[in-house]
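A.B. asks: Note that the protein sequences, when read in sequence, are chains A and B. This note's numbering puts the first residue of the first sequence at 1, with every later residue one more than the last. This note's numbering puts the first residue of the second sequence at 1, with every later residue one more than the last.
Do not take every clue at face value.
Reference listing, derived: stretches of chain B covered by chain A, where coverage requires no fewer than 3 residues with Cβ under 8 Å from a Cβ of chain A [claimed, not checked]:
| id | stretch |
| --- | --- |
| 1 | 33-41 |
| 2 | 67-81 |
| 3 | 738-751 |
| 4 | 792-801 |
Here chain B is said to cover these stretches of chain A; the calculated rule only asks that three of the stretch's residues, wherever they fall, bring their Cβ under 8 Å from a Cβ of chain B [claimed, not checked]:
| id | stretch |
| --- | --- |
| 5 | 8-21 |
| 6 | 91-97 |
| 7 | 116-123 |
| 8 | 184-195 |
Everything labelled a hint here was simulated from the structure, so no lab data went into it. Every residue, glycine too, gets a C-beta built ideally from N, C-alpha and C.
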Amino acid sequence: MSTKVIRDQPGRTGTTGARPGAMGFLTDTTLCIGCKACEVACKQWNQLPMDEFGFTGYSYDNTGDLSGTTWRHVAFIERISDSEGRRPTSMRAFQSNWLMMSDVCKHCVNAGCMEACPTGAIIRTEFDTVVVQQDVCNGCGYCVPACPFGVIALDLGDGRARVGDHKAHKCTLCYDRLRDGLEPACAKACPTDSIQFGLVEDLMDRAKQRVADLRAQGVEEAHIYGDRAVGGTGGIDGLNAFFILTAPPEVYNLPAQPELPQRKTIPASVSTALAAVAFAVGAILSLRRK
Amino acid sequence: MPGLGARLGRGGATTTLQSLADSDCIVIMGSNMAENHPVGFRFVVRAKTRGATVIHVDPRFSRTSALADLYVPLRAGTDLAVLGGLINYVINSERWNTDPFFKEYVTHYTNASVIINPEYQGPEDLGGIFSGYIPEERRYETDTWQYAGQDERPAASEDKAQTAEPRPEYIGRLDEPVRRDPTLQDPNCVFQIVKRHYARYTPEMVERISGIPQDVFIRLAETILENSGRDRTTAFCYAVAWTQHTNGTQTIGACALLQLLLGNIGRPGGGILALRGHATIQGSTDIPTLYNLLPGYLPMPMATALERDESLDAYLRRNRPMTGAWYNTPAYLVSLLKAWYGDAATPENDFCYDLVPKIGGDASFQAMIPMMKDGIMKGLFVMGMNPAVGGQNAILAREGLANLDWLVVRDVHEIETAAFWWDAPEVRAGKVRPQDIKTEVFLLPAALPGEKEGSFTNTQRLVQWHDKAIDPPDDVRSEVWFVYHLGRRLKELYQGDDTPKGRQIAALTWEYPTEGPHDEPVVEAIVREINGYTVADGRLVPDYTALRDDGSTACGCWIYSGIMPEEGRNRAKDRRGDERASLEWGYSWPRNVRLLYNRASADPQGRPWSERKKWVWWDEKEGRWTGYDTPDFPVTKPPDYVPPPGAVGLDAHPGDAPFVNMADGRGWLFAASGLRDGPLPTHYEPWETPVGNALYPEHPRSPAANLLERPDNRYHEIGDPRFPYVITTYRLTEHHTAGGMSRFVPWLAELQPHGFVEISPELAEELGINNGDWVVISTLRGETESRALVTERLQPLVINGKKIHQVGMPWHFGYSGIAKGGIANDLSALVEDPNSRIHEAKAFTCNLRKGRLTRSTDEEGRG
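So that you can see chain A by itself, here it is in the shape it has in the complex (with noise of 0.2 Å):
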């Protein structure tokens, strides 16, 4: 399989427009065993429902997107053999073969959803983080289609018993618990580590030298996902919940360079206008008497 080596931006590699004091993750997706103790953690502090169900054959991951309910959701990538469909014995450091992450809402510095939101129900806490209010969502859903990751969603039950509330709702970065001085329930149970919370300034400069450390021990595509580099480009300027990935971002379907889709509302009417006028001349020219 091809990789594509995601070349270092000196000057954007490892930096975040994170504001003074911002509260996060940083996902270590090397230290990740698969065992879902963060979705499980989460969906019990948050009292969420059980999903839609079924068994996917997709690897060990059954539950297959973020979703309104699912606010944690490990992904599970078997890239097993080589081309040549060997299978592997040495292997690279740190989860090699068989790749898993644990998703999560990435609280970007500039919020797609939070810039969509037309009643103001999404907001911006005192950690930093990206938060709905319930009881001000109208369940309009235009945050859905502008999250560059496809995180927030509305809930819309289940298409059988479970009857959803039509509202949105995402990771709320444990505002509750944070507010009590505790560490969100995802970050609390991860036996390894791999999920870590606190500063984002703190956690991007361990970042730094986890991926100085991996690249040492030969694992060359270890970079961080969210800072201004990868994956909090396009006007997002960094992700509060962040990465270490050791693949292309492609490979665990996150965008490798995001956009805010505000940053295309200009140029797409600038284009609509431009249209406009073309077709505007171009009926005059064909309408007009001789």
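Got chain A sorted already, so can you dock chain B onto it with the hints?
C.D. replies: For chain B alone, coordinates are given in the frame of chain A:
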């Protein structure tokens, strides 16, 4: 347990999870540690971040393999051949023969130099068996295995009942001075016997048997060798994928043998971590619910034709060695009897020894199943277990349940064992009708961990207290409540009854203080009794060295003595951890020792082998052993102590004998006694196998494995073409054993909502199976259907020139709860390791086809 017990003296993990962080190399074999011990695995990850090499040897590439540096695929059931290959490689390697550390450790700390009875013959001489085999009885006479010149060991155990622990009595008879050759050259010395035994376990042979390519095997061996010695240690982690084989005990023994040769036992970052499964399964063998053990691993008394412990004296004569820590068996047993029978137990009546049940036959779990089917057993309590799904030959188990007069199930949900009579596959398929089942089924609600007080004893012998957070609702009750009140009512029933059965119950002490609206027994009162106290004044004893054999002390379990050394001090509640042994976190038996046999972390002169690996050492000035851990050694015995003639107990051991429970204080490379199937681990094929035995074609399978040949438990022949695939069963992180605690919980059920069978793409293509298809798996015991998970994590292996496919199936799933699936144990057979009576679940054979059962029993027809 006998795997480690027979060679090292105690049947338990020799090291702690935390110590793994100090390892230079961790070999995980016979275990899927990341998936089944995820919290303990954090220490493997910590070791890795410090630069350790992690190796996973397994038929399947699992979540553990994903974090390993080296993944070694092998055929399920061939681990012993690989370990034998490692033993052969190590003792013939240059490193082992030139670095003086190894010979020094082996000569002083093991029985390598001991001369064995010259009539001993092994598999190399006899084509696969040892001397003393009686084929008609499928057992061994063990005279020729003994140390040369020792008195004849007493009559061999002919019975079908076998202790899970090596009988100290076998280990104990060292009446003559042991003959040794410290140069390890004598052809009859243990070392030379071991060398000859494994001479044909070459890398090439290992490849033929297990499928591991030679270069990968050599890389495995070299890595282990590089990481053993004065400055570096290697740890082995194993779990039930070693235990659950007909040669399980011997497989574990092979690891003990290897780790002794490498000098890794008793050292930080070394040792053998036996990863036990349930939260407190270690506790359930320490204070056992096993039919063949008394608390603290004292053997149960026997009452068979050849072995009758008809009196306390007779029992002690057979079970009490004169050397080593077990010398004090009388104190431990008498104190137990005083705890059980109180004032009724007096020196005149042998402390009510006659009331203790004695073993007359096999009453292990596997024996119970046919006893139920055959109408011998009438009633059954099932508490926190689910044999309708979780036991071998689950079809036979359900037939057995249907034949009982009464069945009591205590659980949190209506598990399959309680629902068998209306919901089992055979009922859904119309083969069995509920109205024809006469069993009266009682389903009683059981309390969950947060709803009751108590302790767990985890895999490293660590006892940790669990507080009660909330009262259980309605009629839900704890096990302590249930057993206590049941016993109380039985005592009322049998009051004044003078028959032997009546006296057994009437004489038991059964008074515990109770509290609360439901009269819940105060659990700490039970801990008091377990710790032990002097009878006259009720004062707690400090530890088991205070126990006596004259009836002046009482103690519920001598190995736990010390857990409550004074009033109000429950050491299981301690919660002060540190970066080393964490001696103030919980209580570890024995006597809060964390790393067992830690005398071996110092050299024969008592100095640490290296600064980097220091743990316990001799302080010359203070005249005592000191260090980071409780010394697992008499604390004032100097390293140069020489026992005087006629010394007994621990005084009979010299100052360089770390294995205090063994008769001679040494780790046994050669297990002269204690095991039923041989003194040296030998490769035998699983009872069901697609191939013959490349090493011993005349004796391909275990000559002593416990068989149960009956029409409702038929076995496959070797190489049976109807069942060509190797199948292994295993666990997932998301579910717990037979599913009673997890398949009913929505948040767990959605993670793994349906059973599946993992097959390689190569096999899938051969059989025309696509990922997600329904498949039927079959054996002579039964058929079950499941979903196919086609994955490259399984691969075919070349075994002796032939391509062999392996498939794997988690065994959690059943017909109740939210997450359901075909019952893997409908396929497995009742067949056991002869020492431990553990079933062979990890390697048998099956057939597989695309499709569904003729009468599908999955109610929704979907995954």
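A.B. asks: Determine for every hint whether it applies to the structure shown.
C.D. replies: Evaluation of the provided hints:
no.: 1; hint: 33-41; in the structure: holds (count 5)
no.: 2; hint: 67-81; in the structure: holds (count 7)
no.: 3; hint: 738-751; in the structure: holds (count 6)
no.: 4; hint: 792-801; in the structure: holds (count 3)
no.: 5; hint: 8-21; in the structure: violated (count 0)
no.: 6; hint: 91-97; in the structure: holds (count 6)
no.: 7; hint: 116-123; in the structure: violated (count 0)
no.: 8; hint: 184-195; in the structure: holds (count 3)
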